[in-house]
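J.: For the protein sequence lines, the chains are A and B, in the order given. Just so you know, our numbering puts 283 at position 283 of the first sequence, and the rest follows in order with no gaps. Just so you know, our numbering puts 268 at position 268 of the second sequence, and the rest follows in order with no gaps.
Honestly, the hints are just simulated from the structure, not real lab data. Possibly wrong hints are sitting among the right ones.
Said to hold, decoys possible - Here are a few chain B residues that face chain A, going by a calculated C-beta distance under 7 Å: (1) Arg51; (2) Tyr143; (3) Met147; (4) Val271; (5) Pro272; (6) Gly273; (7) Pro274; (8) Ala275; (9) His284; (10) Leu287; (11) Leu293; (12) Thr295.
Backbone N, C-alpha and C define an ideal beta-carbon position, used for all residues, glycine too.
Protein chains: 2
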Amino acid sequence: MSTPDSPGDPGPDDADSDRLARAFLTRVLEPGDETGGRWIREHGARTVARRLRSGKEPLPGVSTRRWAGLRARAARADPAHDLTLADTAGVRFVIPGDTEWPGPLDDLGDTRPTGLWIRGRPSLRMWALRSVALVGARACTDYGAHMAATLAAGLAERGWVVVSGGAYGIDGAAHRGALAAGGATTAVLACGVDRPYPAGHTQLINRIAEQGLVVGELPPGDHPTQSRFIQRNRVIAALTAGTVVIEAAHRSGSLVTARAAQRLGRHTMGVPGPATSALSAGVHELLRGEAVLVTDAAEIVELVGAMGELAPERHGPVLPRDLLAPGARRVLAALPARRPAALPEIAREGGTSEDDALARLYELGALGYVERHDDGWKLTRQAMVTLRTGPNPG
Amino acid sequence: MSTPDSPGDPGPDDADSDRLARAFLTRVLEPGDETGGRWIREHGARTVARRLRSGKEPLPGVSTRRWAGLRARAARADPAHDLTLADTAGVRFVIPGDTEWPGPLDDLGDTRPTGLWIRGRPSLRMWALRSVALVGARACTDYGAHMAATLAAGLAERGWVVVSGGAYGIDGAAHRGALAAGGATTAVLACGVDRPYPAGHTQLINRIAEQGLVVGELPPGDHPTQSRFIQRNRVIAALTAGTVVIEAAHRSGSLVTARAAQRLGRHTMGVPGPATSALSAGVHELLRGEAVLVTDAAEIVELVGAMGELAPERHGPVLPRDLLAPGARRVLAALPARRPAALPEIAREGGTSEDDALARLYELGALGYVERHDDGWKLTRQAMVTLRTGPNPG
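Chain A with its partners taken away, still in its complex shape (with noise of 0.2 Å):
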């Protein structure tokens, strides 16, 4: 496992500099913050932080009365008491630069997430390999759940990753489905990821925080709004190989994540649905794009898959065993040489708890070590080359 930094009490360090910065950013600057980004790009998070404190030189760019309202929140911004806040929480705080900070999140340019705070045991730079977001309408129709449960549980089973808002309706089944598969998921809020949101997906959420990730731009307590609600979908479309759009009314946030997603050159794909149903009408207007249509996992993983960087098991283990954290070291040894194995046998064989056993068996997945096999693991062919703990398959 990657043990984040303990960003509890901040040293005098560079790193810890930053990341205290770029902790007391998120609490300052709004997700997606374009000019804000590229003030970082060009002066460092550190001296960008620093000119908010003392407000005396506006930075380029920026309104007096912006610059009020920035230095209104920064003067109430506490950094060093949200990373405590967080550590206790469970919570880690991740920044560009980390080993856990995902790579695909740099292809936002200026809006790229200033940080991100994290909870679940899993890496979520691993985990990003190898994921889909599956987006929807909240008020889905039975359909709509139908087919966010069957894809994720499909995904799941493939040993992908599923990415969503953690929101009612197509979220919230798409999550579900995941978990009921023994799969992984990943929510994405727009609010501090201490504070489910909404209310009746506390514990779903939470749920999903222990077999999964929870991830989010804002600060611990931080509330959504329309405005962050909208610009972490671009968070959960640079996150992923693709986005698949299950049902969506014309003018559906869930289309802004499609949008952003083509935009990034990821994969964009919708589920059709009946030309009557105004919650697939959105959709339709996506598949008369760009968008492929996908009516199932084995049809998404076909396309999302054939990114070959994203699809390392068709290559063969990426990293080379020595380098894999002492964590996944542990389930790939706990792995049988020439069968499948259960979750609950290679949790135990590893010495450590299913959740865990699951979350290292996803990320050794993204580096082609393992693959899901019906309803458990076992090694790659490449792998058991690499690891010559089975005869060469020629």
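We have chain A already, so just place chain B on it with the hints.
T.: Chain B only, in chain A's frame:
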């Protein structure tokens, strides 16, 4: 109206000999017979007919067994009788070179029909200019039937001719939808046009013959076969500006029509349905390829209307008024200069039946003179300029 030549009494002139030979060949060669088509192209229909009758010189590239089969059919054929029978039943026989022959069928190359047997008043050539095929499963769902009827009505309201195969399910719903909207529809049969198939659609097909067109390659009395159904689909595909598949299972005959349309460079469209419906699976397969997803008539017309030569209303009338058939000229003269008129008024003013007036209006529509307007018809702006019946619209 373009009066078809009387085929009853073939004289010694070339045109009638050719007509007689081709009538003979529709009795002897199966629809879509590519070898037969090549013989006709290379030697002419009369030579091929003579060789088949005499039997002395087998044509190239044909086995002894097949030649014997064709010879047996040839011995039983009586084209003069067929043409007389057809004439009595109100059926005309149209061949390449006739003014009513639809040019788009020539895109079929050596599988071009030898000739077409036609029931109904309108000119097939004119109607084909502004036509769309709606095809799909016989055992369709209520949803499929609803979509077929709705799309057909919407196309009819926009002055487009709905072409289908006269079968149960989607075909029937499409024909009925067009008729119910006071629109134009063409049934392309896989049997003699005097012998409606399926029997349960006798009334519907007779009504189509009254108000529209019933067309086929098979001579009077001939019956449908599996291969004839499949070959019929290429005629539907070639005749129209585009093919819309509404419901189709995997390996459905409607997909054959769609793929033929694709090969011929026609627009191919599909109506989505639930991903859980086996009757939408074939359509979704198509939509994952080159076909365009459509959910209403406006989207269909947006696509097929973009073909310049098939949407002459954008460029004004393509045929001078003096060259119009007398029936069409009379109906054109019956239209008021500055307002739309309903069908009964136009028929009354033009001194003809409503069925005949409708046939002429769709022909005039294909030529860019008139367009549908709510429940009635009006002159196009370009027609008003050309006819000098209104002020220059600038």
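J.: Hints first: check each against the structure and report whether it holds.
T.: For each hint, the structure was consulted:
| no. | hint | in the structure |
| --- | --- | --- |
| 1 | Arg51 | violated (51 Å) |
| 2 | Tyr143 | holds (6 Å) |
| 3 | Met147 | holds (6 Å) |
| 4 | Val271 | holds (6 Å) |
| 5 | Pro272 | holds (3 Å) |
| 6 | Gly273 | holds (6 Å) |
| 7 | Pro274 | holds (6 Å) |
| 8 | Ala275 | holds (4 Å) |
| 9 | His284 | holds (5 Å) |
| 10 | Leu287 | holds (5 Å) |
| 11 | Leu293 | holds (5 Å) |
| 12 | Thr295 | holds (4 Å) |
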